[in-house]
Amino acid sequence: MQVELFVNGQPRSDDVEPRLLLVHYLREVCGLRAANVGCDTTSCGACTVLLNGTSVKSCTVLTVQANGQQVTTAEGLADDGRLHPVQAAFRQEHGLQCGFCTPGMVMAAVGLLSENPDPTEEEVREGLEGNFCRCTGYHNIVRAVLAAATGTAGTTRTAGTSATAADGERAEVGA
Amino acid sequence: MSILGTRVLRTEDPRFLTSGGVYTEDVVDERLAGACHVFFVRSPVAHARIGGIDVSAALSAPGVVAAFTAADLGELAPIKPGPMFNQQMARPILASDKVRYVGDLVAIVVTEQAYQGEDAVELVDVDYDPLPAVISFADAAADKVLLYEEAGTNVAANFGDASQLDEHLFDECEVVTTRTILNQRVAPAPMETRAAAAAWGEDGRVTAWIPNQGAQGTQAGLARLLGLKAEQVHIITPDVGGAFGAKFGADPEHALVAWVARQLGRPARWSETRYENLIAMTHGRAQQQTVTIGGQRDGTVLAYRLEIVQDSGAHVRIGAMLPFLTILMTSGPYAIPRAESVATSVVTTTTSLGAYRGAGRPEATAAIERAMDLFAAEIGMDPAEVRRRNLLPPFTEPHRTKFGALYDTGDYVAALDKVLAAAGYDELRQEQAERRARGDTVALGIGLASYVEITGMGDGEEAPPQENATVEVHPDGTATILTGTSPHGQGHETAWAMLASDQLGIPVDKITLKWGDTDLVPEGGGTGGSRSLQHGGSAVRQAAQELLEIARERAASELEASPADLRFDVERSAFEVAGDPDASVPLASLAEEERLLVRTVFTAPGATFPFGSHVAVVEVDTETGKVVLRRIVTVDDAGFVLNPLLAEGQRHGGIAQGAAQAFLEEVVYDDDGNPLTASFADYPFLSATEVPSFELADMQTLTSYNPLGVKGIGEAGSIGATPAVQNAVVDALAHLGVRHIDMPASPQRVWRALQAAKENA
Amino acid sequence: MIPAPFDYVAAQSPAHAVDLLDSLGDDAKLLAGGHSLLPMMKLRLAVPAVLIDIGRLAELTGIRAEDGELVIGAATPHATVATSGLAQADAPLLAHSAGLVGDPQIRHRGTIGGSLAHADPAADLPMALLALGGSVDVLGQAGTRNVAAEDFFTGFFETSLKPGELVTAVRVPRRPGAAWGYQKFVRRANDWAIVGAAAIDGRIALANMGPTPLRARAAEQALADGAGAAEAAELAAEGTEPGEDVHADRGYRRHLARVLTRRALEHRT
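Chains as they are written, first to last, in the working numbering: chain A, -8 to 166; chain B, 32 to 792; chain C, 69 to 337.
None of these hints come from the bench; they were simulated from the model. Warning: the hint list may mix true and false statements.
What the hints assert, rightly or not - Output of the computed footprint for chain C on chain B, the stretches with three or more beta carbons under 8 angstroms from beta carbons of chain C: (1) 143 to 156; (2) 699 to 711; (3) 716 to 727; (4) 771 to 782.
To be verified - Here are a few chain A residues that sit away from chain C, every Cβ distance over 10 angstroms (derived from the structure): (5) 2; (6) 5; (7) 21; (8) 70; (9) 73; (10) 137.
As the structure is a computational prediction, the values presented were derived from the model and not from experiment. Every residue, glycine too, gets a C-beta built ideally from N, C-alpha and C.
Please work from the sequences and hints to get the whole structure.
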């Protein structure tokens, strides 16, 4: 079947099987492999993308259902190399380790903050109940989302060039 | 000011956050062009003889390139267990005469496209003649139904001799209590399932992309499975989406993907579904433990015995030998005059057991920490006080336990006191008392765990632990490090760069780390057992120092001075003549005429022993049995903290996994051996709503075993959290007569314990 | 895991969907949000030959008030119901229930009609509809009929929908200000209820205590006879047929039904 949709703002036209899951369309047809498949039961959220601005699990959306719609993936968040505030916050707070859950987690966080710009810690945890992480214990992910919400993540600073204590980017003490 | 000890943000993060990591399934490489897709037919029954396998219908399905069974794999030798195990427990790489667990490999189907595979697998027809399943520890030990008839038993190995246990061990004890408890089976469940991609070259070598915890070990494992020499195998390690002990070496599936590629003369790829991952990736823990503890009413523990039955699953793999480590750490951080420990590993018709975060050591801690609380309850003493009275006093010279472990440095009482203060222990006991006085239906529980664990083990005293590193400085002012470690989330790119930067004055973001490619790094111990920083990091530091010595010679000749008169200015990354800063030469320029690199091997005197104490605070709804985790407060002392950001992340992750085992996760089989928790909907994988933010206290007791003073932190969090949470649940209900609840403290289990206590009252 | 192959057609209107169902017969299934159906198809527990997409039909989405009822289009996502000011004011039990289905991503896609037609006895919305005394509008070749919640759920994942019919709307009584309670007992936040209880206006519905959502009629009768919450709740498990699974055996489920019913009657959420 022919589908026409927008992926990260770019129009696409492709011929796909009706059963092609959106996550596989993004990965195999569009070459956007940030979204990952982590489970079989719509549980883990590693495949989360935005469909018309709202977060969805792309493993449980048929590509044909996205016909005529807008899909945004993690690759589409950064603006000309500058990290999106949520991405910057994840880095600032060490909200990722192996990175497998991260694109989905970031997209879910973007979706959460678009609906609830000033969440409590509890609301963040509930808002991410559909995204599993095995590495971080969620502690720093929650900090990252809260930091992004209050705008304390900012954008990335350029890496230090001197050799000593200012080297590398450091997390702000007490952030 | 040194960069060591500071919170440097990870240099690897930008790519993970923007384009995403490149995991094995993501790899695009011209060597894999035209790859076919491998799918496995797995047994749906736990124990059966195979009557026949008919692949004819599958072969006619759309896109099917080939189908293979054991009959086609004659050239591949059976997989034998390690030398310490019953050698009659070998099995073929694809099941031929029988299957021994739900998930056992039975056949291979190969398709042109990924989407065609499941359709074809459904068409493979296998005739199973069912045999009785062997699930429980008791059934396995009874040896009535054997998994390996030639073995004559289901016992894969014994550790120690149960007939040699001292029947007088508890003679002088005023109080003795014993209980059989369960350290239940859990699934490592990394977010990235297993995968492999393989392509053969004209030179007869196979290049295999496999997510792993040590490319060199995977290379050796793959070579062994395929009957090749290691040099014929080239392992490339893409980004790895978590491992937790279950991605060491090579699995049969990896070898079969490589075999298919050779057989068909084209590249082959495979990635497993979560269902396959939950039934065919090795599981963790699964020990039945009988703890017996005795001592005096004043709180002194005099004797402790631990008897273990290790469920090994159907195939004898790493898990079968983990009791060795459990026994090694039997007495934990305590000075118990008399202690003994024995174990038996048995096979069952279930998924095989492997290493899982802590691998044998969490089991030891969970056992003795439960025993400590049982003893405390028996004598009516506060569990913190009992621990304080029995912990080994602080030591800076190595201390050898009667189980043969040589603890390097430790201050266990200080860790306990620190965590109790951080938790506000006295206030918590006060609040608990108030709730009890009011008869609150939501009970407050406070649980403790003190632990010591072994990290950075070598292969025994004949082969002390070591790791290699190569550091090279380039003329453009950048540097490259080659490491034998294998990061999969731990942040080695940043941490090793910090270590090199600290010596060489090259900025962290100008240093590149390479690992996991056996052509580039032929030797290495990988990442596991919390070894990487103490060995791999030390090797990087050592290599950088040795590089500076070579550079010093070059600088001396260039500056026409004697090497002893030169000073290396780290801030400028340049050598200068002492007292004459204008007479200087940048380090990078010393690489212009000749490459400037050093490969070194760092050897440690032995394993190190991080330690700590955890306090868990839970609320238990006594009407429903539901446990809510309110706080976890920890001290995890792993010596010097190189990068607090990374160290905290490791602690958080470990604490979460440890807590999850205590009250949430378990792998369940029914009596016929059918897995009941084979999806993330059924397996209670921890989500963000079940855990709070954690409270970490800082304590750094350095080791003398490496110049950094570091021990391993990766597994410590999980070791402390499990018993702390379990003890907290029991503590919450102690006033209602509950003495023990097995893990996980699911609502039903808790509620049933409450009912039983009511009936006994 | 991926579904077996199937054909796909987008319905142009509810009537068109009915025609398609008629012509394609048993091999066809309706697709709205797909968050009950697609997970089953990915596990190959459902293998329809054709999917008829009704997910974007404007006639089937939206929430409006119609006299004493709220009328919710069958293809309205749970998130829309949960955040609807109208639903929160006039049927807060329903809004609350929709806000607990799965997780945020699932709520953005899954629909109320889809969930009800799926008829999972452990799900939130069937229990909520039963507690509220709501009904569904069903469209077939013969036109639209209204089916009360009591009559809609007929068995384990079974409804009284006949072949060729689709749910077009869900109706619930408007009860602004009525006290209500809702209890969903789970181990993890995005799980299905191990047991659930919802109570409003003297009606009590239970989830996962039998092959369908059930009314706790003995408890309701006790309430009607003047019993208090605790006393009435003691009868909550009467007439139920709870199953057993890894989370709970029958005895524990019956106990939970009693506790959760009491809490729901105490208007706790």
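Exercise. Against the structure shown, which of the earlier numbered hints fail to hold, in ascending order?
Worked result: none
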